[in-house]
Structure formats: structure tokens, C-alpha cells
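**Q** Residues per chain, in single letters:
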Amino acid sequence: MNSLKEEKKDRKPVIRLTTELLEMLAKASEIELEDIELDFDELELQLLPGRVRVIPRMAPPEEKPAKLIEVEYAPPKLEYTGRIVEVKLGATRAEGGTRSRSIVIGGETAPAFYLFHTSTPHKPVIAFDVFDTPKVPLAKAVKMHVQEVRDDPAAWARLCIEKFGAEMVNLHLISIDPLIDDTSPEDALKTVEAVLDAVDVPITVGGCGDPVKDLKVFEKIAEATEGERILFNSVTLDMDIEKTAKIINKYGHTVIAFTSMDVNHARELNRKLYEFLPREQIVMDTTTGALGYGLDYAFTVMERARLAALRGDPELQHPLSSGTTNAWAAREAWMTMDPQWEPKLLRGPLWEVTTGLTLLLAGVDYFMMMHPAAVQTLKAVIDELMGGRKEMEPVDWVTLKI
Amino acid sequence: MPAKELSPIDVYKLLPRTNCKKCGEPNCMSFAAKLVAREATLQQCPVLLEEKYRPQFEKLWDLLKPPVRGVEVGVGDRKVVIGGEYVVHRHEFTYFHPTAIAIDVSDEMEEGVLVERVERTSNFCYEYIGMKLYLDMIAVRSSSNDPRRFEWAVKKTAETTDLPLILCSLNPSVMEQGLAVVGERRPLIYAATRDNWREMADLALMYKCPLVVSAPNDVKLLRSLTTTLLKYGVEDLVLDPGTYADEGLADTLDNFTMLRLSAIREGDEALGFPLLGAPIVAWSRREEDPTLNEWKESYLASMLIVRYADLLIMHTLSGWALLPVVILRQNIYTDPRKPVSVEPGVRTFGEPDEWSPVMFTTNFALTYYTVASDVQSAKADAYLLVVDSEGISVESAIAGRKLTADTVAEAIRNFKVGDLVKHRLLIIPGRAARISGEIEDLTGWRVLVGPIDSSGIGKFLGTKWKEEISKIKGSGE
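Going line by line, the protein sequences match chains Z and G. If you read the first sequence in the working numbering, its first letter stands for residue 1, the second for the next number, and so on. If you read the second sequence in the working numbering, its first letter stands for residue 1, the second for the next number, and so on.
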């Protein structure tokens, strides 16, 4: 198992769940600590008169081995012919944009964290959701962290990067929805520019879900921010695919191809995009269902898509994106429940963590997330996994005093 | 043979082909189909059990046996089978035996604490879309390494619950004492190691109990141990490749993945056993606040469920930390072959009349069952129109344009909803609010935007709906 040992050199710090994380969870100081077991230094035991049975030792019959039979082990041999394309998000000045760095995702040649087979080429990235209007309802556990910046997307973006440790900003232009504020493409552009000024990381710009309005707004923004390599979220089967793809290509951006939980639809959309857009500019999102509300389908569609891509399917070889924020659509994430399931201020972000980690193992490369503690936890886990095998000594949990 | 590639014909050829119906199926071919889908077992065919069919029986047994052995722990109603899996990825067939979750007690706990933990574990239950989610086992740890103390703890635990037990000690004399108390309840023995395997194997054979083989971060040793133990005559084995919460998390996932792939893809019989994970290691480094240990233990358990663990040993009993874990387990172990949608159409709740509310939802099974259970618990007399969204939830279907004003209008027309009521008020899901105008234009019904989450239906019907319908009845009649 030589390949395993090689991973040891690049040691990363252990997962540190600090009091900072606790503060993120407990900001409203509503956490009631339940079920904490106490250590008892002194235990008085009343031993009941036990049946101490004398167990006759069986002499092993001759054919039974008397000492350990040493055998070899070779990790399973896997053959993957496919490779996920690398997509570069954001551009530095040298690359034609204004970001302090660009981020590459994708490039996998094996399922997520099959370290015995190969290492993971690029670290999965986490982007923080920022909405351009306070009209978007947020769960209380999330709201309390962004309350002061809800009507200022630029300040919101800065908070996510500087305080919450996100690596990218995921701006949602919800207000452009004709059924909400019908914000004009010009005004939407102003918001995008304000965010680009406020942070120096790569950004994602998302629409409202209206196929016509989104395209109008994307066109305006793509042109004005030429070269920034923004990730546009998203292009869908019912949009004018040709026009969208041409705009993304012409102004040097990237795009998320969004389909709803169907591998064939994902293929179809990618196939249509290839006519007008290089593969290296496409990220794929097959929809994230919340834990308890469709996560099983979301997981399986992503896992199937990724495995098919690695086995050579040329139409699915794209980095995967997940709207992990959808975890909050599960009622268990935000609802007040019987006391035994409380506090929801812990349950909610843990719901987002569980949804995110499940999909991390299906192969997701780009996470859109919402709760600071969930982001911190996913980052810590990703950093630990990227650090590779550590070959640690066993942990004795049998005699652990908890 | 990989489960997915086995055809009913392969199985049919080896059956008696008498079409005697004794198995409950109309003929041998449909019994073969059931066997291939793992919905029936060979023992259900009495003819096959006759001596003259022994060679066929053995061939079929080999053909149908899972590459990951199913190991029974415990006896009676709450007996648990761990392992018994055929595939690496759930979409390749389905998983069969949900990851069992054991909660620990230790022999140094005060009696009151121990009994309370055992009772809370036994009584744990969460109702989720019509199913009850439970915890499955108690792991009794000898943290004292004192045989008499262990005997006491095992006895107390066994008196308090009928859940299957895991006895945890690497010391054979301690283990012996525990087995003397509950040996006949078929507890799982934790664990045989490089140092104690012979004594543990003797105990496992004497008490006919399954045995965990532990070799943290050393798959070669694990394989040597199972090879030896199989020769020694112990067949019901469980593998513990070690669990690490912090440094070593990558090793943990890697080991679990390698073992499952070796068993299923390469048919390595020495590794074809259920996998044990121990999220309880998240407590080995005390955080400033134990909440953080619970947080870490919970997500570690979830990652192990995704990466093939068949049994988990945990410490936390906090509902907020366990709930995501038991729901994830249910999700991952749901049969992906079963339809995810329900039939579109009109469902009635209570005894609705022509002035009763009409609501709609999508035909995604989870959405439908959630809404239905909320309408029921609101004790409402109402019609619920199930619109075909191609089995997708409201929010995703709106985003993906599977649920549009057109599909809603079509459903109203096809299912003749207008004939059921005299009013023309349609309550729509809060998450479908953005298409309310289009629905009004297309259907001529007036839309009332309902709650974002269906848990608010009861309240909505009692306030907004009541107000609106009384206005109409007041003016219309």
C-alpha cells in the first residue's frame, strides 16, 4: 500500500471546531445544553451476587489455526477512463479580471476521496449566498447572522468573506423577478458592480428563475463585466440556450447548467451548450433536495452522473454544483419541535451540514451555502480530507471516560 | 454474480419447476423473479428443501447470497440484521439493511445514568412520513476493565431493554463475564484483535455469538484476522477498520470504501462482512463545550452512513444531533426501485362538501405524504388536488417549470374539480406563489396563497380560508 503512505507528507491541521463555531451557533444564546453526561470520579457499585460461571476453555481442534495466518491485501483495482473538465472561476488582473485570485474546480479522475486510487486534484469550494433583497425569507438561525446587512448586498458579501470564511460569493438577483420587484438589468448590474467592488474573490451571479428576464439581465451583466469570469447561475433547458451560451462565451464567463434531478436532462442540456460554449466553461447542477425531502434522489442523480462521467460518458464530465442552502426547505431545519429535538438553532445548521457532506461524497465541487457554522464545518472537513491519509494510531474508545 | 446482472431465468432453471404454488406464487417463474428481487427466500420453496434438490439448492444459495454477509445480532422482535448487501451504490440495485445505530453505556456510569440512557435509547422514536425511525442497539463498554463491574453493567442493561447488545472490551476475561450474563441473547462481541483473537474466537464459538474483528487503519491485518477466524470456525464476523474524527478522517472513509469495493467488486470473501463505524471517537478529544463533540459525532455518523457503514456506535442522545442521522439513514436506505411519485388526482380528507376548501400539491411522494399528514392532523374536511409535477417537489418543480399554470389548469379540468365545489377558490402552496397570477388568468379560479410549509395549513384554514369563504357564502347565497 505504498500509494497510501505517499499521502502522508502533506499534513493539515486537525479539524478545529472552535468556540467561534459555537458562537455562530449560539449567538442568540438560546442553546440549552441537554443530555450532557457527567464524569463520576467515584462510583459506588452494589454488585449483585452474580452468577460467576466458570467457562471451560475449549482446546482448539487440530485443524484450527494456532497462530495468525498472515495474508496480503491489495486495494481494489479501478479503471476510470473519463476525466472531469477543469473550470476556472474568476480572473485576476493578469487574466483579464479584477479578482485577487481565481479558483479551479473539477479535474477528477476518480469518485470523491477514493484516496487509495488517486488524490483529489482540486479542493471543493464553498460560496456564501447573498440575496439582493431582504424580501427573501430566511430561517431564524440564518437571519440572526446577517440581520444588519440584509438590505445591502455589498456589505453582506463582505461579511461572508471577512467574517464567515467563504471562498466565493453567490449573489442571487431575486429582485429582478417580474413578480417581485422587476428590477431592471441596469439596476441589477449596479448591484453586481457593488459586490465586485466589495470583495476580491470570484463571484457567482444568479437570476430569479424566469427564463426570459434572467437572460436579459445576464446579457447586460456579462457584457459590462467582460473578463471577470463570473459563474452565471444558471442556464436551463427552457431558456434560449444558444443566446445564453454565446453571451457567456463572448464575454469570457462560465455558467451552471441546471436541470431537475434527471441525468438525461443534464446530458441534453450539456449537449446543446457544446455547440456554442467550450466544455471548460460549464458547471453542472442536477438539483439539491433537502435532507429528508429528496436528498436521496439528489445524491443518487449526482452519484450516477459522476460515475458515468468517470466511466467515459463525455456529456457529463463537468464539476458539480449544489444549492446546499435548499436544506433549509426541510421543516426539521427551522421548525420549533418537541423539546427532545431542540434547540433548532443547532438542528438547522446541522441539517445544512448533513446535506452538504452527503453530496460532498457524491462528488460536488461547488457548494452554495447559507449558515456560517455549516460553512465552517464543511470547510474543516474538506481541508482534512484534502490533507490525505494520516496513518494515525488507534483511538481507544472502549475505555474512554465520557 | 452481481445482483443487478442476475436474471430470473438463471434462477428459474435451478428451481423444481413444478409450479406447485406452495411458496405462495402462481408459478416457479414468478417465484424466481421474487428471488432475484430479494423479495423472497429459498426456504419458502418446500420442494427445494428436499434432499434430492440439494445440489440445486446449494447452487442457488451461492447465486443469491450477498457478497456482504448478513449478520444477525440479538434475538426476538428487535433482532437486527447488519450487512447482507449486494451493491456498492444504491442505484445499482438497492440497499437492504439500514445502518444499525447503537448508543453506548459504560460500566463506570452511575446506575441511574446507565438505566436512563438505556431507556431513552429504547424509547427513541421519530415519525417521518408515516414511518417510525428508531435506534437499534446498546453498546456496553467496559471502561473499568473490571470483570465484575462489567457483569453488573451488562446485567443492568439487559434487565432494562430487549434491544440487542454489543459487549465492548478487548479483555477476554471481562468479555467472558459479560457473555455469562447475556450470552443466550446473541450479543455482538467487540472485539478480536491481533493480540486476543484466539480467546475471543473461543468465546464466540461457545456462545454462538457474532464477533467484531478490529484492526484500525490496517486492512492487511484485518484480512489476516478474518482469514484466520474463518479457518477457526467463526463465520459471523463484523469488520472494524477504525474510525477517526479529526486527523485520520480521510483514512476512515478510504478504508470503508476499499473494504466495500473489495467485497463486492472483487468478491473478496475474507472481507465480505458488515462494517462497524465508531462515531463515538468524536468524544476522545474533549472540546471546550460538549455540544461540539455532539456536532462532530453527528456529521461523522452521517458520512459513514453514506460510505457503507452497517453499524455505528455513538454516544450522544441529543435529539438535534441524532435526528439528521436517522433521517439520512432512511433516505439512503430507501429503495430507489420504488416509485417516487403518487398518482395525480383528487384526494378527499374528512367529509368535504361543496363549500369545502380545495388545495393543490405536487405528486412527489414526499411532498404529498407530508401535506396529507398535515391536512389530516388539522382535521380538515377538504379536497387535495394532486398535480402531476413529474414527481418533483413544489419548489424544484416551479424552478424547473414542471409545475406551471398550465399543468394546474389541466389538472383542474381533467379531474373535474369544478364539479366538486360551488366556490372557485383555489389554495395554492406558498412556494408556488409566483405563478398565482397566471393560474388565475388560465383557470378563472381565484387564488389564495397558502402557507410556505404545509404545517401551517390548519391555521390557514381556520383564519384566511374561513374569512374568504364566509364572504362568498354571505354574498352568493
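Wrong hints could be hidden among the right ones.
What the hints assert, rightly or not - Distance ranges between label pairs, derived from CB positions:
1) Z:LEU78 x G:TYR369: 51 to 61 Å
2) G:LEU442 x Z:VAL212: 42 to 52 Å
3) Z:LYS135 x G:ARG424: 23 to 33 Å
4) G:GLU288 x Z:ASP396: 15 to 25 Å
5) G:GLU269 x Z:LEU78: 37 to 47 Å
6) Z:LYS401 x G:ARG78: 35 to 45 Å
As the list claims (entries may be wrong) - Simulated pairs of lysine-lysine, DSSO-like, Cα-Cα distance not exceeding 30 Å:
7) Z:LYS401 x G:LYS464
8) Z:LYS140 x G:LYS155
9) Z:LYS401 x G:LYS155
10) Z:LYS135 x G:LYS464
These aren't lab readings, by the way, just hints derived from the structure by calculation. Glycine included, each C-beta is placed from N, C-alpha and C at the ideal position.
**Q** State for each hint whether it applies.
**A** Against the structure, the hints come out as follows:
1. Z:LEU78 x G:TYR369: 51 to 61 Å: Cβ of LEU78 of chain Z to Cβ of TYR369 of chain G: about 39 Å, so the range 51 to 61 Å is violated.
2. G:LEU442 x Z:VAL212: 42 to 52 Å: violated, 18 Å
3. Z:LYS135 x G:ARG424: 23 to 33 Å: For LYS135 of chain Z and ARG424 of chain G the Cβ distance comes to about 29 Å; the hint holds.
4. G:GLU288 x Z:ASP396: 15 to 25 Å: Holds, since GLU288 of chain G and ASP396 of chain Z (Cβ atoms, about 22 Å apart) stay within the stated range.
5. G:GLU269 x Z:LEU78: 37 to 47 Å: Because 20 Å falls outside the window, the suggested range is violated.
6. Z:LYS401 x G:ARG78: 35 to 45 Å: Hint violated: Cβ distance 29 Å, outside 35 to 45 Å.
7. Z:LYS401 x G:LYS464: Status violated; Cα separation ~56 Å.
8. Z:LYS140 x G:LYS155: violated, 46 Å
9. Z:LYS401 x G:LYS155: holds, 20 Å
10. Z:LYS135 x G:LYS464: Holds - the C-alpha atoms of LYS464 of chain G and LYS135 of chain Z are around 22 Å apart, at most 30 Å.
Hints 1, 2, 5, 6, 7 and 8 from the earlier list are contradicted by this structure; the remaining hints agree with it.
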